[in-house]
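Going line by line, the protein sequences match chains A, B, C and D.
In the numbering used here, each residue carries its 1-based index in the first sequence increased by 3.
In the numbering used here, each residue carries its 1-based index in the second sequence increased by 3.
In the numbering used here, each residue carries its 1-based index in the third sequence increased by 3.
In the numbering used here, each residue carries its 1-based index in the fourth sequence increased by 3.
It should be emphasised that the hints constitute simulated quantities derived from the structure, not laboratory data.
Take the hints with a grain of salt, since some may be wrong.
Facing chain A, according to a computed beta carbon distance under 10 Å, are these residues of chain D, among others [claimed, not checked]: (1) His-105; (2) Gln-127; (3) Glu-147; (4) Leu-184.
Quick caveat: nothing in here was measured; it's all calculated off a predicted structure.
From the three backbone atoms N, C-alpha and C, an ideal C-beta is built for every residue, glycine too.
Protein chains: 4
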Amino acid sequence: MSVEFEPKNMIFRNLGNSGLRVPVFSYGGWLTVGYEQKGDIVKELMKTAFENGINMFDNAEAYNSGESEKEMGAAIKELGWDRRDIIVTTKIFFGTERKSRHNTRGLSRKHIVEGLNKSLENLQLDYVDIVFAHRPDVTVPMEETVRAFNHVIDTGKAFYWGTSEWTPMQIQQAIEIARRLNMIAPIADQCQYNMLSRENFESRLEPLWKYENYGSTVFSALAGGILTGKYNDGVPSDSRHKDNAKRFETEEGKAQLEHVRQVTKIAEKLGTNVSNLALAWVLKHPNASNVILGATKPEQIKENVKALDVIPKLTPEIMAELDKILDNKPKLGESYGRRAEDGTLI
Amino acid sequence: MSVEFEPKNMIFRNLGNSGLRVPVFSYGGWLTVGYEQKGDIVKELMKTAFENGINMFDNAEAYNSGESEKEMGAAIKELGWDRRDIIVTTKIFFGTERKSRHNTRGLSRKHIVEGLNKSLENLQLDYVDIVFAHRPDVTVPMEETVRAFNHVIDTGKAFYWGTSEWTPMQIQQAIEIARRLNMIAPIADQCQYNMLSRENFESRLEPLWKYENYGSTVFSALAGGILTGKYNDGVPSDSRHKDNAKRFETEEGKAQLEHVRQVTKIAEKLGTNVSNLALAWVLKHPNASNVILGATKPEQIKENVKALDVIPKLTPEIMAELDKILDNKPKLGESYGRRAEDGTLI
Amino acid sequence: MSVEFEPKNMIFRNLGNSGLRVPVFSYGGWLTVGYEQKGDIVKELMKTAFENGINMFDNAEAYNSGESEKEMGAAIKELGWDRRDIIVTTKIFFGTERKSRHNTRGLSRKHIVEGLNKSLENLQLDYVDIVFAHRPDVTVPMEETVRAFNHVIDTGKAFYWGTSEWTPMQIQQAIEIARRLNMIAPIADQCQYNMLSRENFESRLEPLWKYENYGSTVFSALAGGILTGKYNDGVPSDSRHKDNAKRFETEEGKAQLEHVRQVTKIAEKLGTNVSNLALAWVLKHPNASNVILGATKPEQIKENVKALDVIPKLTPEIMAELDKILDNKPKLGESYGRRAEDGTLI
Amino acid sequence: MSVEFEPKNMIFRNLGNSGLRVPVFSYGGWLTVGYEQKGDIVKELMKTAFENGINMFDNAEAYNSGESEKEMGAAIKELGWDRRDIIVTTKIFFGTERKSRHNTRGLSRKHIVEGLNKSLENLQLDYVDIVFAHRPDVTVPMEETVRAFNHVIDTGKAFYWGTSEWTPMQIQQAIEIARRLNMIAPIADQCQYNMLSRENFESRLEPLWKYENYGSTVFSALAGGILTGKYNDGVPSDSRHKDNAKRFETEEGKAQLEHVRQVTKIAEKLGTNVSNLALAWVLKHPNASNVILGATKPEQIKENVKALDVIPKLTPEIMAELDKILDNKPKLGESYGRRAEDGTLI
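With the rest of the complex left out, here is chain A (with noise of 0.2 Å):
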């Protein structure tokens, strides 16, 4: 059953620094593939990404304490995909299973490698495209950890490694001990970034863009599904949304319920849904390089990719009335010293 890889239209940036370049969505397996979704519909849905573009697969080693990775390397198999046309990333930290302590998780020389080789096994694979530390760990010195994903890296187990909701100062610290000791630095963060939520990714992060020209794989980029639109009328009120529901009643709650009602109108105007706007606002961050989607069936995907069409609608003037819509553009505070009268770093 092999497939042509066949991007079409998708839009593909290179990731941060480096020559790797990733289309703007993945298919990332969090939460979905190895939990409900297991064997027939995982190949369909991983089919159904990399027919539309997407050749990118985003896992990690605690994703159902591994279960996830051991689908998505079935389905590859089975796929028949040639290696080289597929990007493979998994992230290490947590271990396999939650219950883990001390060296089966955090990011030591043993469990770096040890976890990595675990993820290979799993994925059925020689090697990963990139390895993510999927948190830090203040508990390791950052030497260590910087050598140890040099080390698969030389060991020919990953081509690239980067980070996961890591601070701007561990990042920085990593580059540049990376630099003295002549080793590859990270790439990229995986972090959360939507229209939401824009703390961290614009305004922490941004001496990261900016200045070492970072690159990301965004997560959550529809909050949670509060960015479709689905509770735009309400919440239902069976069990399964109690936790929403309970959200929504909070002032701040409401407000941000409101803000996606207004933001959908925005939408409308544009000749696309309020997801889809969402995703394609994500991506004109120039250091959005890549927004991981996640997906049950594989018409969610279709709907997903039809966001590259909305980014060139995304004017100057269109982003304004977004910024105004949403009132949370933060102030880039983060770093002082002189800066354009706008906030921008000169």
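With chain A's structure known, arrange chains B, C and D on it following the hints.
Chains B, C and D in isolation, oriented as in the chain A frame:
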């Protein structure tokens, strides 16, 4: 009129990861020396500081456009102190005139060298003990700044260099660049810390205290006077206090005043006043290497130094009581990863 | 006769990857200062520059065998400027006399140190802000040259160093050697750039603009006077213009004159003259950090500075119109590999 | 069918600044092997080369999408040569299919590793002797490319690496980065050089020959057949030569043909033909380490090798005569600085 340096019961601490031992109090010229205070009173203030164990004097090129440095310099000369007996610090960034532009401010090599040369001329000294970057300068490559501070150290114009109000990322970056270049890293940040303003010092900067043994010289330890208790019974209505009056009308301002009133009671319980309790409280933090005192009258210095006697009274129980009153203990949220349940890094 | 530096509407740019902020115009002594212009007129020219926001002065050891430096140095002294308010640059390579040979010219450590010492003596200054290598010297190992320029920086005789008319390969090599040796890299090339001569600046040097953020100080922005429009109606027949007369008899020369005539019409349309359009046009290039002005009369400087007002008028449409007239936009052919369809590096 | 390697009168040269001694002729698969030539004829061609002292075989992943490598690999296996007796080179950049996109081409770490793995599979070899970057890739940081080629060397998949059609700046940069990182620098450029095309090889690349002792493997030494003299009496009118026919109708084309006719007379004077004179002429350049021969018939190889005997006949007088005829000796203008009057670097 030479006097012998008698530190008496002054406490000395190594300033960060350096061999320089600084008294926990220094005397600073900000807003006083070279402004209203000139000539004899400056000499008297500095002599009083010195006689009370405070042999460290802080200044900046920007303090009244160099007038503060000139006053201190003249006083040092007239007091006839042995240069080895005192620690003199200054700060470079803003230039000698606020209106100065472009290359007469900031952290370029040109301004660091020229600015410090001018400061030394003002101070009538061959060198300062520490030169601080008064702010970060995001328009200059960090490597240029690190090199320039090393250049002034290499040419004998300073022994150490530090930062002031830099972000943790910027400090860490400077340290790592210095390591890569085999250069001297900055040793301390001059920053604000007091009972009412804890987030930056205790949380954001925490990784630097823990992992880099970074030092600090603390300003605004009395929160601009609020922690002297002088507004406890209301703000005088005259125009001089107009701004503060407004401030205490806000919800946040009212709450702060209430906290100060409660802290005052603790102070009384400990047989001291709120000022000295507040100063001692800052010095309980192991990385609060030094607190800068401002004073317009010699009595203030003598009074403040009594805070040294309060430090031993700050038992864990008292500290917990104060935390409860202040209700602003920051979560250690800047760094992710494994932590003990009490939030401390493990 | 001290004057206050009033940059007015002058634009300042960081010079390449440095923290030095230079005005987009500097005043240079080439062929004027210390040649025909001496004494009072030099002082008047420099004062006029300064009063119009031009606080940067360019020279070279070779300009009339050091006479140019001596005139500028004397003027600086008499004008009583604060050294911090001005940027002074010189260039080392040719020696102070064209007839000088062997070790009294070139980029050996011996001549760089001895040459700069002599220049500082001529200028009556302790240091220059930037020392340029006036040409590459293929007879000296590049590492020696990089080390020697770092030596004069380390000994306080210059803050930065640059190149002049080096090939891209030589500049890149110097930068990389500096990286390897943990030394200071050159920050800018002094080179020719104008409407009639674009190949070197726009195409050959392009990788340095893009990848190294290299800066430039541009000379011959008016193409030796052709872009003032003074030959639009024919070259005067007197002997002084003999060479130019010949030049404009060639096919290429005739075509150039015709281009200048058409550019003159655009200038009129924009409410300016061809000189100021030509100066503004150079400054539209993001890596044209600074244009060196030559002048024999104060009025010329005042006139040239008006080019600042032309820059905002150079819309993409006007720039395209000029490209069409000039018909010499270089292909970006120096670098191979993947590029966008418009030839820009991607 | 093992044969013994009998280099006879073959000349061997160190390839650039390496210890690898290459014959001055290699046999290359470009446009022949794996295109029209398959199976037995490939084996025969390679055997003939080998028996005439040519034990070096050049290929590329892109040559007919890997078919060329497969044919050569099969032939090597069947010929039963000892791996140690031959030098096999391939080139990575374009991928195995021209239509391939993004990460299946270029000089990212991913494609260098994956591409070479595929080439080795095609060639049925554990390693190549030299892997070339078939083009520069301006979309990948040079440091990543230098690291990736070192990675394939470190993992035993190649002994050396080289460049092909890179600019002097790019080659120098790669060499310097390798020096900084204590890595292996590229040793040779695969580039065009022949009597009719001299600028790049003799002038632009000159600093690399002189200062880095860079090597080369030369292609198109016969200028696509023009230097065989086969067009001396006019281009056949059949469609196969349509493009060449057009080419020789231009002024430049006519001049070139006339030059070839005159060179032919020199060849006759020397008792050889124009092809062998042209090949020998290339090899007179001290940095033309190796000329790649293409051939569809064994006789061609045997004939070409006779050029070895022509080399000693190329006296300074003959070379000067040829320079005069060709009228295209480049000025050594790429590098400025002091030169001898004849233009050579001093």
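A quick look at each hint next to the structure:
Interface hint at His-105(D): satisfied, since its Cβ lies 5 Å from the closest Cβ of chain A, which is below the 10 Å cut-off. Restraint check, Gln-127(D) versus chain A: the minimum CB separation of about 19 Å is more than 10 Å; hint violated. Residue-level restraint check for Glu-147(D) holds (minimum Cβ-Cβ distance to chain A is 5 Å; threshold 10 Å). At its closest, the beta carbon of Leu-184(D) sits 5 Å from a beta carbon of chain A; the interface hint therefore holds under the 10 Å criterion.
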